[in-house]
Structure formats: structure tokens, C-alpha cells
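Peer 1: Residue numbers (my numbering), protein chains in the order written: chain A, 1 to 561; chain B, 1 to 317.
By construction, these hints were calculated from the structure, which means they are not laboratory data.
In this text, all values refer to a predicted model and were calculated from it rather than measured experimentally.
A few of these clues could be false.
Simulated restraints, written as ranges between beta carbons of each label pair [claimed, not checked]:
| hint | chain 1 | residue 1 | chain 2 | residue 2 | range |
| --- | --- | --- | --- | --- | --- |
| 1 | A | Glu448 | B | Gly122 | 35 to 41 Å |
| 2 | A | Gly499 | B | Glu155 | 37 to 43 Å |
| 3 | A | Tyr46 | B | Glu120 | 38 to 44 Å |
| 4 | B | Glu155 | A | Arg115 | 56 to 62 Å |
Each computed DSSO-like pair below joins lysine-lysine, with the alpha-carbon atoms no more than 30 Å apart [said to hold, decoys possible]:
| hint | chain 1 | residue 1 | chain 2 | residue 2 |
| --- | --- | --- | --- | --- |
| 5 | B | Lys40 | A | Lys183 |
| 6 | B | Lys40 | B | Lys69 |
| 7 | B | Lys314 | A | Lys500 |
| 8 | B | Lys265 | B | Lys40 |
| 9 | B | Lys291 | A | Lys27 |
| 10 | A | Lys447 | B | Lys265 |
| 11 | A | Lys500 | B | Lys291 |
| 12 | B | Lys40 | B | Lys151 |
| 13 | B | Lys314 | B | Lys69 |
Okay, the calculated bits of chain A under chain B, using three or more residues with CB under 8 Å as the criterion [what the hints assert, rightly or not]:
| hint | stretch |
| --- | --- |
| 14 | 154-163 |
| 15 | 200-210 |
| 16 | 222-236 |
| 17 | 460-473 |
| 18 | 500-512 |
Cβ atoms here follow ideal geometry from the backbone N, Cα and C, with glycine treated the same way.
If you want the building blocks of each chain, they are given just below.
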Amino acid sequence: MSARTVRNLRRFSQLLFFGVFFWLILKTNFEVDLDPSNPSQITLPYPVSIALQFDPLVALSTLLANGTLYKGLLWSLVILIPTIFMGRFFCGWVCPLGSLNHWVSEVGSERRKRRGKGKIESNRYHKYQRIKYYILLFVLGSAWFGSLQSGVLDPLPLLARSIGTVVLPTIHTSAVGVVGWFKAIGIPPVGNAAQAVYDLIAPILFNFRLVHFHGILTIAFLFVAIIIGNRIFTRFWCRGLCPLGAMLGIFSRFAIFGLQKDEKTCDKCQLCVLQCQGGDNPDVGHAWRQAECHLCLNCQATCPQGSLSFKFFPEHEKTKENPLPIVKPDISRRKVVTSVAAGMVAVPLLRSGGTFEVNANPRLVRPPGSVMESDFIARCIRCGQCMRVCPNNALHPTIMESGVEGIWTPILIPRIGYCEPTCTLCGEVCPTGAILHLTTEQKVGDKEHEPNRIGTAFFDRGRCLPWAMDRPCIVCEEWCPTSPKAIHLKVETVINREGKEVTVQRPYIDPALCTGCGACEFACPVVDKPAVYVTAVGESRSRENQILLERSRTRNRKEES
Amino acid sequence: MKRRDFLKKTGKAATLAAVTGGAFWAFDGRQVHRYETASKIATAFEVPPDPTLPSLVMARNEDHVQAMKASLDAIGGIKRFVKPGERVTIKPNVGWDRSPEQAADTNPLLVGAMAALCFEAGAKRVVVTDVTCNDARRCFLRSGIREAAEKAGAEVLLEAEEDFITADLGGEMLTSWPVLKHFVETDRLINIPVVKHHSLSSCTIAMKNLYGIIGGMRHQLHQDIDQSIVDLAAFSKPTLTVVDATRVLLRGGPQGGSLDDVAIKNSVICATDQVAADSRACEFLGLEGDKVGHIALAGKSGLGTVDYNAAGFKELG
Numbered sequence: 001m002s003a004r005t006v007r008n009l010r011r012f013s014q015l016l017f018f019g020v021f022f023w024l025i026l027k028t029n030f031e032v033d034l035d036p037s038n039p040s041q042i043t044l045p046y047p048v049s050i051a052l053q054f055d056p057l058v059a060l061s062t063l064l065a066n067g068t069l070y071k072g073l074l075w076s077l078v079i080l081i082p083t084i085f086m087g088r089f090f091c092g093w094v095c096p097l098g099s100l101n102h103w104v105s106e107v108g109s110e111r112r113k114r115r116g117k118g119k120i121e122s123n124r125y126h127k128y129q130r131i132k133y134y135i136l137l138f139v140l141g142s143a144w145f146g147s148l149q150s151g152v153l154d155p156l157p158l159l160a161r162s163i164g165t166v167v168l169p170t171i172h173t174s175a176v177g178v179v180g181w182f183k184a185i186g187i188p189p190v191g192n193a194a195q196a197v198y199d200l201i202a203p204i205l206f207n208f209r210l211v212h213f214h215g216i217l218t219i220a221f222l223f224v225a226i227i228i229g230n231r232i233f234t235r236f237w238c239r240g241l242c243p244l245g246a247m248l249g250i251f252s253r254f255a256i257f258g259l260q261k262d263e264k265t266c267d268k269c270q271l272c273v274l275q276c277q278g279g280d281n282p283d284v285g286h287a288w289r290q291a292e293c294h295l296c297l298n299c300q301a302t303c304p305q306g307s308l309s310f311k312f313f314p315e316h317e318k319t320k321e322n323p324l325p326i327v328k329p330d331i332s333r334r335k336v337v338t339s340v341a342a343g344m345v346a347v348p349l350l351r352s353g354g355t356f357e358v359n360a361n362p363r364l365v366r367p368p369g370s371v372m373e374s375d376f377i378a379r380c381i382r383c384g385q386c387m388r389v390c391p392n393n394a395l396h397p398t399i400m401e402s403g404v405e406g407i408w409t410p411i412l413i414p415r416i417g418y419c420e421p422t423c424t425l426c427g428e429v430c431p432t433g434a435i436l437h438l439t440t441e442q443k444v445g446d447k448e449h450e451p452n453r454i455g456t457a458f459f460d461r462g463r464c465l466p467w468a469m470d471r472p473c474i475v476c477e478e479w480c481p482t483s484p485k486a487i488h489l490k491v492e493t494v495i496n497r498e499g500k501e502v503t504v505q506r507p508y509i510d511p512a513l514c515t516g517c518g519a520c521e522f523a524c525p526v527v528d529k530p531a532v533y534v535t536a537v538g539e540s541r542s543r544e545n546q547i548l549l550e551r552s553r554t555r556n557r558k559e560e561s
Numbered sequence: 001m002k003r004r005d006f007l008k009k010t011g012k013a014a015t016l017a018a019v020t021g022g023a024f025w026a027f028d029g030r031q032v033h034r035y036e037t038a039s040k041i042a043t044a045f046e047v048p049p050d051p052t053l054p055s056l057v058m059a060r061n062e063d064h065v066q067a068m069k070a071s072l073d074a075i076g077g078i079k080r081f082v083k084p085g086e087r088v089t090i091k092p093n094v095g096w097d098r099s100p101e102q103a104a105d106t107n108p109l110l111v112g113a114m115a116a117l118c119f120e121a122g123a124k125r126v127v128v129t130d131v132t133c134n135d136a137r138r139c140f141l142r143s144g145i146r147e148a149a150e151k152a153g154a155e156v157l158l159e160a161e162e163d164f165i166t167a168d169l170g171g172e173m174l175t176s177w178p179v180l181k182h183f184v185e186t187d188r189l190i191n192i193p194v195v196k197h198h199s200l201s202s203c204t205i206a207m208k209n210l211y212g213i214i215g216g217m218r219h220q221l222h223q224d225i226d227q228s229i230v231d232l233a234a235f236s237k238p239t240l241t242v243v244d245a246t247r248v249l250l251r252g253g254p255q256g257g258s259l260d261d262v263a264i265k266n267s268v269i270c271a272t273d274q275v276a277a278d279s280r281a282c283e284f285l286g287l288e289g290d291k292v293g294h295i296a297l298a299g300k301s302g303l304g305t306v307d308y309n310a311a312g313f314k315e316l317g
């Protein structure tokens with residue numbers, strides 16, 4: 001197989017894996033058929049989070065943080081073990097964010113700065129490429145101390161989150177706007193044509209209805225910065241910042257596959273450097289950096305002399321002109337220790353603030369089936385799959401609701417969407433077990449079992465129609481899904497402004513029955529700031545965050561037995 | 001500066017000024033975009049009254065489809081209501097994400113059978129839709145109505161924002177509201193409600209089921225629920241009302257959830273008078289029509305007969 005054929009194979013592989021990744025995100029959607037044999041259990045037809053389970057950094061960091069490998073995370077060995085022999089093939093051939101960076105870096109990059117000498121200089125190995133090892137060691141250090149930060153920068157969760165909560169909703173919103181604009185022109189065929197195009201792409205690309213995500217600007221900012229970085233340095237993210245790339249670089253320390261340079265035939269044209277993706281010095285005259293190479297094989301394919309070849313057990317004589325490869329990542333022992341220590345110290349620093357334990361945000365309502373907060377932070381990789389799959393657009397990325405430590409973890413905002421009582425899709429798609437996959441019976445509960453609770457509703461009597469305005473309204477009670485209803489009504493006689501007696505049905509909450517789903521808050525006709533709202537107290541996952549004595553008692557007894 | 005350059009520069013500046021001015025001039029005096037003005041639309045889908053037939057018939061049968069067919073035949077059969085080539089919209093109650101036995105949504109067997117009957121009578125197109133409370137996809141799925149309707153060849157349409165038209169409902173409470181167009185752009189409307197308890201209106205049966213044809217801020221309607229139900233019933237006059245009292249939700253309505261609150265009644269009422277239908281059906285919940293606010297008000301407003309016996313009530317089997 002010629003070098004060029006191999007390069008084309010790589011291009012195909014990049015397209016294929018990007019396509020698969022994108023398709024899986026599109027399918028992380030409530031797009032299901034009912035299984036008639038089990039009508040109460042609605043599940044997705046595809047294992048949509050499988051791509052994230054192949055991520056070795058997700059596996060390693062969650063293993064460090066909580067001591068377990070959840071569900072399919074063992075699949076990550078499919079990436080990790082070949083890396084030990086081959087090097088960072090994942091970065092050049094598989095990684096969807098890497099491919100995106102590759103394309104954005106290369107398309108129309110023939111600008112003055114990026115040509116000839118300037119580009120050769122920028123494609124050489126630079127010291128900034130060490131930063132990714134610091135990042136990796138930092139997040140592993142904090143994971144070891146129980147705070148999982150890897151997901152913030154790990155490329156697969158990052159891309160899943162960015163596409164799911166930023167890119168697709170933005171395209172959807174703009175498409176709706178464009179169609180509306182064409183319709184507003186007032187020429188019916190134009191409007192109809194626009195609508196027809198929309199109807200064609202909507203079922204493939206868009207959600208059932210327009211979704212809104214809280215705080216996505218922060219996610220968008222990082223994603224756009226990564227994309228723009230490519231226009232300054234080729235694959236700046238992959239070379240300089242990516243913690244997964246760093247991890248694979250470290251694991252390729254003993255790789256038996258590598259670049260062999262033939263000094264005799266090389267005429268120092270440096271075309272190889274011009275095409276280099278990793279910034280790893282593929283030319284004769286500089287030491288090749290094994291830990292930086294993405295194995296894109298551009299250098300081999302582009303070399304007019306055939307001096308460069310990737311092979312198993314590469315060997316060439318060490319000369320002054322043609323030094324041997326450097327297999328170790330460019331990071332000193334002192335920096336390793338410092339980075340890990342910084343990651344570890346960051347955890348108590350973050351938790352010494354109030355938000356984690358003693359003054360948690362009352363509106364930090366986690367998805368149903370979430371594990372206790374300390375474990376949740378040790379598991380959530382912020383991939384946004386739960387937010388995307390939620391049929392009611394109820395789950396949103398946090399900004400500061402769970403502190404800096406919990407940025408972009410899921411939070412339920414009932415005003416935008418409530419938790420659908422029998423739906424368990426967020427737990428189904430969660431790749432790390434931060435949200436456990438409940439059965440419908442476990443979520444709803446039955447005579448023997450408590451339902452899964454995410455919080456408790458409270459009334460704001462100053463805003464409630466029957467409480468503050470002597471007007472009839474029972475919408476919260478109507479929407480309350482528990483049986484018997486947690487919201488109950490008492491008929492009360494009041495004297496209105498005119499001095500007349502009127503009877504109203506006033507709503508009350510029974511905290512023993514409320515599951516915190518937020519349907520009442522969602523449906524409350526007091527639109528801007530509902531007269532009934534949910535806070536996290538009473539959530540099943542917490543032992544301390546409880547109101548009721550009997551629940552604390554049954555809980556303790558259960559844990560003892 | 002050369003003369004040529006001077007002319008060129010002046011020309012460019014003048015063009016820019018003209019384009020800018022022209023653009024602003026073109027939009028000057030346009031109206032600020034206000035609320036959409038709604039127009040009245042026709043929504044009377046009734047068939048002409050037939051004095052030889054009762055205006056409501058109730059049938060009992062453990063085979064729910066047979067119960068519906070028997071009562072339907074006794075008020076003239078499907079051919080009286082659906083003519084060949086017509087478009088029919090069926091409005092079941094699919095408000096909630098509940099399974100059929102929980103009785104929060106209409107019996108899927110009745111919906112499927114009714115769709116099939118419409119096709120037998122020569123209907124060109126049968127649409128089954130509702131503006132649900134819970135997520136529409138889940139409601140139609142778990143209620144079994146999507147499967148039943150699609151099996152019968154009907155189209156199940158989930159509400160989409162662009163499918164609402166703002167209409168003047170011409171009511172006392174209800175004036176300009178968004179209405180799902182499938183309930184307007186049709187020839188026949190068949191309302192298939194289920195009998196359920198409701199804390200504010202006492203019961204939700206046929207007329208209350210019409211809440212499901214509108215969108216918008218319908219949670220505010222509860223502040224004058226009787227009048228708004230009557231307004232809706234005056235606005236939308238179904239061809240036929242088929243009350244599903246096969247299972248009745250006695251408590252915890254309208255959403256239910258517990259089978260302890262469900263009573264099996266195996267009854268179906270077919271009616272051309274929706275007030276009479278409500279009046280008879282509310283007795284399953286231990287109510288009397290003239291004591292239920294919206295039913296009594298509907299009677300007073302001349303929408304139908306609260307005294308269902310006077311309306312020619314007939315009970316089969």
C-alpha cells in the first residue's frame with residue numbers, strides 16, 4: 001500500500017468516526033418506539049453514549065475519582081492498549097474533535113503567516129505543547145481527591161456537550177428565524193419553499209421542539225476558542241491543551257511503531273514539516289517527538305524523496321544531522337509532581353467554600369437517579385447527554401449553581417421543563433453512573449418502595465392566586481403526578497375586598513408525597529416567578545438534605561440493614 | 001486631487017447616501033408589530049338534527065368497541081356523521097403520560113375503532129390529535145393511542161408551534177386564542193373524551209376536553225373555568241361526542257395514576273348534544289349535571305339540554 005493510499009485511509013477514517021459521533025449525538029433524542037410487551041419502560045433504540053465509553057481518560061479519571069468502572073467503560077481499552085504499541089493513532093484517525101480541528105486548521109489556511117517559513121516555524125515542536133500534560137496531571141490529581149474535572153476539557157465529552165447544547169440548538173433557532181423571515185416577505189411560494197426545506201432537515205437535525213439551555217454561552221465560549229485556535233496554530237488544542245492527547249502521549253512511551261528517517265536520501269525540503277499536524281519535528285535534522293505525533297502520516301505521504309517511513313521497530317543510526325527520536329513526553333519530574341499536587345490541593349480549596357456542603361444552592365435539583373453530591377462530582381463528565389435526551393428540556397448545564405467545581409453539570413430548571421414522571425432516559429444515557437438508570441417502577445415507586453425524589457415543592461403564598469388574590473386556580477394540583485397527589489386543596493372561606501364571603505380552594509404540599517418533579521412550577525400560571533417552586537430538600541440521594549424525621553429514620557434503617 | 005478622482009469619490013458618497021436614505025424612507029411609517037389580529041373562523045361541524053333519533057344513547061358492553069358501535073348505530077350510525085370524501089379529526093383526551101388502565105386518557109380501542117369506522121364511511125383523511133399537557137410524544141405513545149390510530153390508518157399529528165392559528169373564539173372569557181389548526185381545517189370533528197374527576201370543574205368529560213384544541217396560556221383559564229369551558233363549547237361544535245366511560249377516574253383527576261381510583265363501567269355514550277352527554281356521564285362520578293357549574297351554565301347558555309332525559313336519552317343493554 002502506497003503512502004498516499006494510507007493517508008487517504010486516514011482521511012476516510014476521520015470522516016467515518018466524526019460521522020458516527022455526530023450521528024450518535026443526533027440519536028441522543030427522545031425518538032423511541034414503545035415495546036408493547038413492556039409499555040411502562042421506554043428506552044432508546046441505540047446505545048447512544050457508546051462513543052464516550054471508548055474514552056480512556058473518562059475511564060481512568062472516573063476510576064481514580066470513585067473507584068469503579070461504570071457500564072461500558074472497559075471499552076476504552078480498545079483505544080488504550082493499541083496506543084501502547086502504536087502511539088497516538090486515536091488523535092489522528094479517530095478523535096472527532098481532532099478531526100474537526102484538523103479540517104478547520106487546513107481549510108483555506110494559505111494566509112501569509114501560515115505559508116512557507118512562517119508555517120514551518122509554527123509547525124515545529126514548541127514548549128507550549130507541554131501545557132496539556134500539566135492539565136492532564138492536574139485533573140488526575142483532583143480526580144484522585146474525588147473531584148472529577150477531566151470532563152471540562154476531555155475532547156469527547158467536550159464535543160458532545162458543545163454540539164448537543166450549543167451547535168444544534170443554535171442552528172435550530174436560526175433555521176426557525178430564517179424560515180420566519182422568508183414567510184414574512186409575503187410571497188407565498190417563497191415562504192412555502194423555505195418551510196419545505198425546513199421540514200426536510202428538521203427531522204434529521206432538530207429536536208421535536210425548540211430547546212433552550214441555561215448558560216450555554218460559557219460552553220460556546222470554550223468551543224469557539226478551540227475552533228479559532230486552529231487558525232493561529234495548526235491544531236492548537238490538540239498540540240497544546242488536550243488532556244486526552246497528553247494521556248495517550250504518555251501511554252505511547254514504549255510504542256514499537258514509529259517514524260524512521262533516512263538521512264541519505266533527504267534533501268531537506270521540509271515539506272513534511274509544512275504538513276505536520278502534531279508539531280512533532282518529522283524532518284531529518286530534528287529529533288522526532290513520539291509523544292506529540294498524531295500518526296496522521298502526512299509527512300510520509302508528502303515526502304518527495306521517500307525518506308520518511310512509519311514502521312514497526314524503526315531504526316536509524318544516530319548522527320548529528322539525524323538524531324534519534326525522543327520518546328518521553330517533554331515534562332520534568334518536578335513539573336509532574338507540581339501539577340498533580342496542584343490538582344489535589346484544588347479540591348480542598350474548592351470545597352472549603354460554602355457551596356459544596358454547608359450552603360449548597362437550594363435550587364441545585366439534580367436529575368432523577370443522581371447519586372449523592374460528592375459521588376456525583378466524582379462521576380459527572382459534563383457530556384450533556386442527559387440534557388440533550390431530556391424530552392422536556394428540563395436539564396441544563398450549571399454555571400455556578402454547584403460552584404466552580406460543578407460547572408456544566410446537569411441541573412433541573414422546572415420553569416423551562418419539569419421532570420416527566422415515568423421517564424428515565426437521562427439515567428439511561430449517562431455514561432459514568434452519575435445518574436443511575438432507574439426502571440420506571442423505581443422512579444415512580446409502589447406500595448413497598450419509595451419513589452425517587454429530586455426535591456420538594458413549596459408555595460409562595462404571596463404570589464399564589466387562591467392564597468393572595470382570592471381567585472380560583474388549581475393548576476398545580478391538576479398537574480401533580482403522584483398518586484395520591486402531593487398537592488392537596490383545602491376549601492377555605494375568606495372575606496374579599498368588597499366584604500363578601502367567597503370560598504377558594506387553597507393548595508398545600510404534603511412533603512411526604514412530593515417527589516420534586518416540578519410539574520407544578522412548570523404549569524403555574526404566575527409566569528415569570530411561579531407561586532410554587534421546587535428546591536432540592538428531600539432528594540433521595542442525600543442523607544442530610546431532608547425535612548422529614550420519618551424519612552431520615554427509614555433511610556438510616558435501610559442503610560444499617 | 002484630480003477631477004476624475006473627485007467625481008468618483010463624490011459619486012460613491014452620493015450613492016451611499018441615496019441608498020441609506022432610500023432604505024430608511026422605504027420603511028418609514030410602517031406599523032409597529034402588534035399582537036396578531038384574530039379573525040373569526042367557522043367551527044360548526046354538527047349534522048342537522050333528526051327528530052326521529054335520540055340525541056344521546058348509552059350502551060354497556062365488556063367489549064368496549066361493541067358498546068361504542070351499538071350506541072353509535074342507535075343515533076344514526078357513522079354514515080350519518082361522516083360522508084364520503086370528508087376530512088375527519090378525532091379528538092381523544094391524550095392529556096397525560098399514562099397507560100390505558102390508569103384511565104387518564106381515552107381508551108385507545110375506541111379511538112382505533114372510530115378511525116376505522118370513519119374510513120368505512122368513506123372518509124378521505126382521518127387525523128387523531130390533541131394538545132397534550134405532558135410531552136406529546138410520550139402521551140400518545142403510552143396511552144396506546146398512537147399505535148391504535150396508526151393501525152387503523154389514521155394520521156397521528158403531534159402539535160407543532162407553527163400549526164396554531166390565532167382565532168377570535170368570540171366568547172365572554174375567551175377572545176383571541178391560538179387554536180390547533182387540525183381542529184379547524186377539517187369537515188368533521190369527533191370528540192372522544194374520557195370521564196374523569198377534576199378538582200375545580202368537578203368533572204372533565206366532553207366540553208372540558210375541548211381545552212385540548214387550544215394552546216397558549218390555558219392555565220389561566222382556571223380562573224373562570226366554567227365560563228371558559230362554555231365559551232369553548234360554543235366555539236367548537238363537534239359532529240359527534242363519544243364519551244368513554246369504559247373506565248372512570250373517580251379521584252386524583254385529571255391525571256390519576258393509581259388503579260385504586262379507577263372504576264370499570266364498560267359504558268359508552270354517543271351523543272349529538274354534548275351538554276346532555278356531560279350531564280349523563282357526570283353521574284358516573286356521583287354528580288348531577290345541573291349542580292356542576294359548567295354543565296349548568298352551558299344549559300343556560302342554550303348549548304344543549306342538561307336534562308338528558310328530555311333530550312331523548314336512550315340506554316341499551
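Peer 1: So, against the hints stated earlier in the document, which numbers end up violated here?
Peer 2: Hints 1, 2, 6, 7, 8, 9, 12, 14, 16 and 18 are the ones this structure does not satisfy, whereas the remaining hints hold.
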